[in-house]
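Asks: So you can see what is in the structure, the chains are spelled out below.
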Amino acid sequence: MKAREKLDQLKAKLGPAIRRADIPSDHCLFVFVEASALKAVCEYVFRDLDARFITSIGADDRSFSGSFLVAHNFAFDRDHLLCSILTEIPASQPCVESISTVVPAANWAERELRDLVGIELSGHPYPKRLVLPDGWPDGVHPLRKDIPWNFVPDDYDDEREFKFDEPPEGCTVVPFGPFHPTLDEPAHFRLYVEGERVRGCEYRGFMVHRGIEKLAESVLGYNDIPIMAERICGICGCVHNVTYAQAVEAAAALQAPPRAEYLRSILLELERLHSHLLWVGLACHIVGFDTLFMQAFRIREPVMWIAEKITGNRKTYGLCVIGGVRRDLTPALEDELRQVLARLETEWQAVTAAVLQDRNIQKRTRGVGVADRNLVKEAGLIGPVARAAGVGIDCRRDHPYAAYDRVDFDVITAPDGDVWSRLVVRAREVFESIKIIRQCLDKMESGPIQLEIKDELPVGRLGISSVEAPRGECHHFVITGENNRPRRWRVRAPTYQNLQGVPAMIKDQQLADMTISLGSIDPCFSCTDRLETIDLRSGAVKVWSPEELLKLARARGIAAESSAKESDES
Amino acid sequence: MNPNVIRMIAGGLANVVVVLLIAPLCEGILRKVTACLQSRRGPPLWQPYFDLLKLLGKEDIESGESPALQRFVARLALAAALTTACLVPMGFPAPMNGAGDIILLIYLLTLCGICTLLGGLAAGSTYSLLGIGREMMTMIALEPLFAIALLAGAVHAGSFRLDAVLNGSVYAVPGIPWSGLILLVVMGLSFQAFVQRVPFDISEAETEIMEGPLMEYSGPKLALFKYAQMARLVIHSALFAALFVPWGSGLPFPLGWLLFWAKVLVIVLVVTAVAATHARYRIDQALRYFAGLLVVAFAALALAGYGH
Numbered sequence: 001m002k003a004r005e006k007l008d009q010l011k012a013k014l015g016p017a018i019r020r021a022d023i024p025s026d027h028c029l030f031v032f033v034e035a036s037a038l039k040a041v042c043e044y045v046f047r048d049l050d051a052r053f054i055t056s057i058g059a060d061d062r063s064f065s066g067s068f069l070v071a072h073n074f075a076f077d078r079d080h081l082l083c084s085i086l087t088e089i090p091a092s093q094p095c096v097e098s099i100s101t102v103v104p105a106a107n108w109a110e111r112e113l114r115d116l117v118g119i120e121l122s123g124h125p126y127p128k129r130l131v132l133p134d135g136w137p138d139g140v141h142p143l144r145k146d147i148p149w150n151f152v153p154d155d156y157d158d159e160r161e162f163k164f165d166e167p168p169e170g171c172t173v174v175p176f177g178p179f180h181p182t183l184d185e186p187a188h189f190r191l192y193v194e195g196e197r198v199r200g201c202e203y204r205g206f207m208v209h210r211g212i213e214k215l216a217e218s219v220l221g222y223n224d225i226p227i228m229a230e231r232i233c234g235i236c237g238c239v240h241n242v243t244y245a246q247a248v249e250a251a252a253a254l255q256a257p258p259r260a261e262y263l264r265s266i267l268l269e270l271e272r273l274h275s276h277l278l279w280v281g282l283a284c285h286i287v288g289f290d291t292l293f294m295q296a297f298r299i300r301e302p303v304m305w306i307a308e309k310i311t312g313n314r315k316t317y318g319l320c321v322i323g324g325v326r327r328d329l330t331p332a333l334e335d336e337l338r339q340v341l342a343r344l345e346t347e348w349q350a351v352t353a354a355v356l357q358d359r360n361i362q363k364r365t366r367g368v369g370v371a372d373r374n375l376v377k378e379a380g381l382i383g384p385v386a387r388a389a390g391v392g393i394d395c396r397r398d399h400p401y402a403a404y405d406r407v408d409f410d411v412i413t414a415p416d417g418d419v420w421s422r423l424v425v426r427a428r429e430v431f432e433s434i435k436i437i438r439q440c441l442d443k444m445e446s447g448p449i450q451l452e453i454k455d456e457l458p459v460g461r462l463g464i465s466s467v468e469a470p471r472g473e474c475h476h477f478v479i480t481g482e483n484n485r486p487r488r489w490r491v492r493a494p495t496y497q498n499l500q501g502v503p504a505m506i507k508d509q510q511l512a513d514m515t516i517s518l519g520s521i522d523p524c525f526s527c528t529d530r531l532e533t534i535d536l537r538s539g540a541v542k543v544w545s546p547e548e549l550l551k552l553a554r555a556r557g558i559a560a561e562s563s564a565k566e567s568d569e570s
Numbered sequence: 571m572n573p574n575v576i577r578m579i580a581g582g583l584a585n586v587v588v589v590l591l592i593a594p595l596c597e598g599i600l601r602k603v604t605a606c607l608q609s610r611r612g613p614p615l616w617q618p619y620f621d622l623l624k625l626l627g628k629e630d631i632e633s634g635e636s637p638a639l640q641r642f643v644a645r646l647a648l649a650a651a652l653t654t655a656c657l658v659p660m661g662f663p664a665p666m667n668g669a670g671d672i673i674l675l676i677y678l679l680t681l682c683g684i685c686t687l688l689g690g691l692a693a694g695s696t697y698s699l700l701g702i703g704r705e706m707m708t709m710i711a712l713e714p715l716f717a718i719a720l721l722a723g724a725v726h727a728g729s730f731r732l733d734a735v736l737n738g739s740v741y742a743v744p745g746i747p748w749s750g751l752i753l754l755v756v757m758g759l760s761f762q763a764f765v766q767r768v769p770f771d772i773s774e775a776e777t778e779i780m781e782g783p784l785m786e787y788s789g790p791k792l793a794l795f796k797y798a799q800m801a802r803l804v805i806h807s808a809l810f811a812a813l814f815v816p817w818g819s820g821l822p823f824p825l826g827w828l829l830f831w832a833k834v835l836v837i838v839l840v841v842t843a844v845a846a847t848h849a850r851y852r853i854d855q856a857l858r859y860f861a862g863l864l865v866v867a868f869a870a871l872a873l874a875g876y877g878h
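So the sequence lines, in the order shown, correspond to chains Z and F. Going by this note's numbering, the final residue of the first sequence carries number 570, and the count climbs one at a time with no gaps. Going by this note's numbering, the final residue of the second sequence carries number 878, and the count climbs one at a time with no gaps.
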């Protein structure tokens, strides 16, 4: 009865501001509030009720309700409750009060909805462009429904440059990225360095936008999106895929069969295994310990092979659809999976024993990149970063999904909040994942793996879902829509929040610790940058002039459009 | 012409050729053994030769602040390393014996480091400057160590001559050679830094500052820097062997020569093993470490002065 309880608390405190509420289940609460009271409600939820901020969503709902929608999602982790505070904003004046002053974690999410949906934020502390590329004209907002998915603005200005802030006095600027040996993907940190110490930084990312949300809302269908969703990330494919499916299932009140839930859990844990092994390897590479980097990758490889045998893909792709999964585990595969786990367990025990006693690695990681409890709360940090700061949040336990309510496991925490603690947490979580997969294999009963969906999905329903990705909570928000596709689909990958904690983590640290501090959140820029438009400025400028690139992009866009039309017709 | 001079020049040239031939092989051995430690197959032993040839054949891109200086420094780096090679015994007594002494040797060793500094300075990018900042701090703490070891040997030998010092002179005292033993430990503990390998490859640290001073170099210039670095591994190993592991150097020709290169190989293998099992230190941690060693080294020099 937690959802009811929270709603009563809200009503008692801010009664007149609450227009209506919806409690689809005991773990989910939607509250529609007056736009004028949005900030007060969020402050009450975040500060007094001590909820954790998840993300903010903006939606263009003009053609359906005549207004824009803004939602701020929060989680009550101890009460197993996800909560969405929504408000409607008149189409004539798309402006809402910013909550970033009281909920600092909402900084990026609010700027994103300003960039993409065009809802102005009054009183935002840092209303700078976040997502749109530098040359994109002001006043054009790609996620509005009147903008087609392949729209290229005529007044796109190649010459326009991003205005960085002035560096503090006495500091030199060290550009970190967009290309750096330890960044697998482009992102730019402008570091302000005094000698060898980092005094601050400015982040400019979102360079590999692929317009995934826009595509889903305008071109794809419900069951195409899982295939697109898993391509948001090169590591947590299954995570995005399952989160999306669960959000739609929650909106449409569907329940996947039990065997499918077990299979989802198994695949999610396999993904955590290979992700954590990869991370430990990369972290060692960053501090120059390449031997363990190579060994971690060797130990990881069998996990990829078994994933290929199960899903047909080396990565855990192409498994989950709305209402279930596409492939079953055969008894032979189950045996093989158990063998892989047994070998992995022994090998990983040897590695953890060696690493956890290594003074050399401790020297480079202890007291480095510290994120304490306070930063975790203020920046909304999640996953191993939060758990390494002693904040025991884990969606598998707090917001159980798939088969996690039927298995037994520990949430690993560490006290210090530094890179070393994150290493310890991830190294130990590997054993918990092995434990979970074994229990799933033991408890799984035979049965159907897909739900038969006979009717069209209902329109205009809200669904939210959180899944514990290897890097932290992955959160999807869906409003179901017409034409067999969602009206709005918002993805919040874990790095989106954790990256916002990095400037505080690296401040006043040695420059040499920058890479390992950033690496310790296991940043995934493709997850963070999943959004709108192609950055026309990137690419080999010396070979292609920006105009040529623009032409090329337009030609491709038109070709893609016509082929999409053809396939629609056929 | 004086036959002594001819022998000197021929011997020096022989050393240069030997270093040029063997340095990439040592690098190849280092890579192969590293690969074995990491459960990899690794590149073939002669891969470094191909790498150098490939780099030498590439287009020479001028990408730094002062291209002329960059061209000069790339050549100077290898030249300094090879000149040093002329002063170091490699299976035979040092060829330039008499033409140079250990003071010159100390200067040349420092010049190798200064080339890296100049290279980074000439390139002038932010990361290069960060790299030379680190290199400079390392040099100040590190270079005295080798100088002290050589000086202690000179004090014991009572001479600055190369053949007198570079023949285990650090142990040349009656009784237990305390200063020599202490310096052996100190040099052993800092050897990775002299050959710029993990855990002390701080000034180049690829994953932090993207090769630092070398960042703007590619093609032939990079080949020269890389060649100089490979030569440095051989030359420092040879110096270490000559100064601290002199036993058997008096053996007749093929035996003494083979034994010497066997010692160098063992040193390279130790360097490889240490590099493969350590994480890189941060500059402040490394400096504190070097400072400690420096204090001990000065104490050893004082002991040497009192004849211990």
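Heads up, a few of these hints could be off.
Stated by the list, open to error - Pair ranges (Cβ atoms, derived):
| no. | chain 1 | residue 1 | chain 2 | residue 2 | range |
| --- | --- | --- | --- | --- | --- |
| 1 | Z | Lys309 | F | Gly612 | 21 to 31 Å |
| 2 | F | Gly612 | Z | Asp335 | 47 to 57 Å |
| 3 | F | Gly862 | Z | Arg197 | 50 to 60 Å |
| 4 | F | Tyr619 | Z | Ala332 | 48 to 58 Å |
| 5 | F | Arg645 | Z | Pro127 | 50 to 60 Å |
| 6 | F | Ile631 | Z | Trp305 | 36 to 46 Å |
| 7 | F | Val755 | Z | Pro168 | 42 to 52 Å |
| 8 | F | Val865 | Z | Lys507 | 43 to 53 Å |
| 9 | F | Gly612 | Z | Asn360 | 36 to 46 Å |
| 10 | F | Gly745 | Z | Arg197 | 34 to 44 Å |
| 11 | F | Val836 | Z | Phe162 | 49 to 59 Å |
| 12 | F | Val865 | Z | Leu356 | 24 to 34 Å |
| 13 | F | Thr696 | Z | Asp158 | 19 to 29 Å |
| 14 | F | Trp817 | Z | Gln357 | 34 to 44 Å |
Said to hold, decoys possible - The calculated DMTMM-like cross-link candidates involving lysine to aspartate or glutamate, where the alpha carbons are at most 25 Å apart (straight line), are:
| no. | chain 1 | residue 1 | chain 2 | residue 2 |
| --- | --- | --- | --- | --- |
| 15 | Z | Lys363 | F | Asp630 |
| 16 | Z | Lys145 | Z | Glu34 |
| 17 | Z | Lys363 | Z | Glu194 |
| 18 | F | Lys602 | F | Glu713 |
| 19 | Z | Lys507 | F | Asp671 |
| 20 | Z | Lys11 | Z | Glu97 |
| 21 | Z | Lys11 | Z | Glu34 |
| 22 | Z | Lys145 | Z | Glu97 |
| 23 | Z | Lys145 | Z | Glu159 |
| 24 | Z | Lys363 | Z | Glu301 |
| 25 | Z | Lys377 | Z | Glu5 |
| 26 | F | Lys602 | Z | Glu378 |
| 27 | F | Lys602 | Z | Asp372 |
| 28 | Z | Lys507 | Z | Glu301 |
| 29 | Z | Lys363 | F | Asp771 |
Hint data in this document are derived by calculation from the structure and do not stem from the laboratory. Cβ coordinates follow ideal geometry from the N, Cα and C atoms, glycine included.
Asks: Evaluate each hint against the coordinates.
Replies: The hints, checked one at a time:
Look at lysine 309 of chain Z against glycine 612 of chain F: about 29 Å separates their beta carbons, and that is inside 21 to 31 Å. Here the CB-CB span from glycine 612 of chain F to aspartate 335 of chain Z is close to 35 Å, at odds with the stated 47 to 57 Å. The beta-carbon spacing between glycine 862 of chain F and arginine 197 of chain Z, approximately 23 Å, falls outside the hinted interval of 50 to 60 Å. Distance hint for tyrosine 619 of chain F and alanine 332 of chain Z: a CB-CB separation of about 49 Å, consistent with the stated range 48 to 58 Å.
Look at arginine 645 of chain F against proline 127 of chain Z: about 54 Å separates their beta carbons, and that is inside 50 to 60 Å. Taking the beta carbon of each, isoleucine 631 of chain F and tryptophan 305 of chain Z are about 42 Å apart, inside 36 to 46 Å as hinted. For valine 755 of chain F paired with proline 168 of chain Z, a C-beta distance near 45 Å keeps the hint of 42 to 52 Å intact. At roughly 34 Å, the beta-carbon separation of valine 865 of chain F and lysine 507 of chain Z lies outside the given 43 to 53 Å, and the hint is violated.
Between glycine 612 of chain F and asparagine 360 of chain Z the beta carbons are some 23 Å apart, a value that contradicts the proposed interval 36 to 46 Å. At roughly 49 Å, the beta carbons of glycine 745 of chain F and arginine 197 of chain Z sit outside the given window of 34 to 44 Å. Between valine 836 of chain F and phenylalanine 162 of chain Z the beta carbon distance is about 55 Å. The supplied range of 49 to 59 Å therefore holds. A hinted range of 24 to 34 Å for the beta carbons of valine 865 of chain F and leucine 356 of chain Z is consistent with their spacing of about 33 Å.
Between threonine 696 of chain F and aspartate 158 of chain Z, the C-beta spacing of about 26 Å keeps the proposed range 19 to 29 Å intact. Separated by about 36 Å at the C-beta atoms, tryptophan 817 of chain F and glutamine 357 of chain Z satisfy the suggested range of 34 to 44 Å. Using a Cα cut-off of 25 Å, the hinted pair lysine 363 of chain Z and aspartate 630 of chain F is violated, with the two alpha carbons roughly 41 Å apart. Taking the CA atoms of lysine 145 of chain Z and glutamate 34 of chain Z, the gap is near 24 Å; set against the 25 Å cutoff, the hint holds.
Distance hint between lysine 363 of chain Z and glutamate 194 of chain Z is fulfilled; the C-alpha atoms sit about 23 Å from each other, no more than 25 Å. Between lysine 602 of chain F and glutamate 713 of chain F the alpha-carbon distance is near 30 Å, which puts this suggested pair outside the 25 Å criterion. Between lysine 507 of chain Z and aspartate 671 of chain F the alpha-carbon distance is near 50 Å, which puts this suggested pair outside the 25 Å criterion. Of the supplied pair hints, the one linking lysine 11 of chain Z and glutamate 97 of chain Z holds, its CA atoms being roughly 21 Å apart against a limit of 25 Å.
This hinted pair checks out: lysine 11 of chain Z and glutamate 34 of chain Z have alpha carbons roughly 13 Å apart, not beyond 25 Å. As the CA atoms of lysine 145 of chain Z and glutamate 97 of chain Z are separated by approximately 23 Å, the hinted pair is consistent with the 25 Å bound. Annotation: proposed proximity of lysine 145 of chain Z to glutamate 159 of chain Z is violated, straight-line Cα distance about 28 Å (limit 25 Å). About 29 Å separates the Cα atoms of lysine 363 of chain Z and glutamate 301 of chain Z, which puts this hinted pair outside 25 Å; it is violated.
Distance hint between lysine 377 of chain Z and glutamate 5 of chain Z is fulfilled; the C-alpha atoms sit about 23 Å from each other, no more than 25 Å. Of the pairs offered as hints, the one joining lysine 602 of chain F and glutamate 378 of chain Z is violated, with about 49 Å between alpha carbons and a cut-off of 25 Å exceeded. The suggested pairing of lysine 602 of chain F with aspartate 372 of chain Z is violated, with an alpha-carbon distance near 43 Å, which exceeds 25 Å. A threshold of 25 Å between alpha carbons decides the hint, and for lysine 507 of chain Z with glutamate 301 of chain Z the separation of about 36 Å lies outside it, so the pair is violated.
Between the alpha carbons of lysine 363 of chain Z and aspartate 771 of chain F the distance comes to roughly 16 Å, so the proposed pair stays at or under 25 Å and holds.
The structure shown violates the earlier hints numbered 2, 3, 8, 9, 10, 15, 18, 19, 23, 24, 26, 27 and 28.
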